Amino acid sequence: ETGVTQTPRHLVMGMTNKKSLKCEQHLGHNAMYWYKQSAKKPLELMFVYNFKEQTENNSVPSRFSPECPNSSHLFLHLHTLQPEDSALYLCASSIGRGTDYEQYFGPGTRLTVT
Amino acid sequence: AQTVTQSQPEMSVQEAETVTLSCTYDTSESDYYLFWYKQPPSRQMILVIRQEAYKQQNATENRFSVNFQKAAKSFSLKISDSQLGDAAMYFCAYRSALDSNYQLIWGAGTKLIIKP
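Going down the list, the sequences are from chains R and W.
Residue numbers for the first sequence follow our numbering, beginning at 1 and rising by one.
Residue numbers for the second sequence follow our numbering, beginning at 1 and rising by one.
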């Protein structure tokens with residue numbers, strides 16, 4: 001186990017729903033990431049938080065809203081999603097400073113938008 | 001901008017044999033890090049091996065080794081004595097030493113099939 005958990009593991013939602021994805025890391029890291037993984041495409045970095053501050057937003061539509069209340073928890077709030085948003089959403093964490101550059105991943109949330 | 005290319009969408013190998021997965025990247029930087037990650041069917045991505053660009057020696061982790069050719073911008077992964085548990089998606093990734101966000105640039109992945 002990598003020490004990064006994600007809930008729920010599977011989520012089906014309609015385009016008018018509002019839902020949230022949760023990520024928690026138990027590694028004492030200070031940086032957390034949201035990725036979108038679609039089939040046969042490179043992982044797409046969505047958001048980066050470093051010491052609870054959002055340091056990167058890779059042109060993600062506003063229907064995705066991240067929240068990082070502390071360095072152990074990361075949320076992704078979803079509303080009025082589109083079918084093309086269906087994907088595996090991965091959370092990762094890293095120590096965030098120094099020379100430790102490995103990212104540790106959670107198991108992902110499989111999201112289906114109907 | 002940096003890019004990472006994995007030209008083999010799928011590879012298959014007989015159990016106990018050796019397989020090499022290809023990765024090339026494009027960068028104008030001289031200091032960076034390269035990674036191979038493995039994503040088994042259970043979906044949890046784990047780090048297999050990493051290489052610092054300033055190190056000439058190829059990284060090795062048990063049955064996994066890399067062939068790092070800096071001038072050619074090539075970073076292939078060799079898996080020796082393939083096992084059924086090696087079946088997974090393998091992703092090559094690049095990180096600039098200058099990036100304070102520790103962002104990874106990813107390839108599209110190679111699906112590795114192990115034939116019993």
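Honestly, I wouldn't trust all of these hints.
Claimed, not checked - Which residues of chain W face chain R? A few of them, derived with a C-beta cut under 10 Å, are:
#1 Ala1
#2 Val4
#3 Ser7
#4 Pro9
#5 Met11
#6 Ser12
#7 Ala16
#8 Ser42
#9 Arg43
#10 Gln44
#11 Arg50
#12 Ala93
#13 Arg95
#14 Leu98
To be verified - Over 12 Å on every C-beta distance to chain W, these chain R residues come out as not near it, computed from the model:
#15 Asn58
#16 Ser86
#17 Leu88
Everything labelled a hint here was simulated from the structure, so no lab data went into it.
Just so it is clear, the structure is predicted and the values come from calculations on it, not from any experiment.
Where is the CB? At the ideal position from N, CA and C, for every residue including glycine.
Starting from the hint list further up, note which numbers the structure goes against and sort them upward. The structure conflicts with hints 1, 3, 5, 6, 7, 14, 15 and 17, although it agrees with all the remaining ones.
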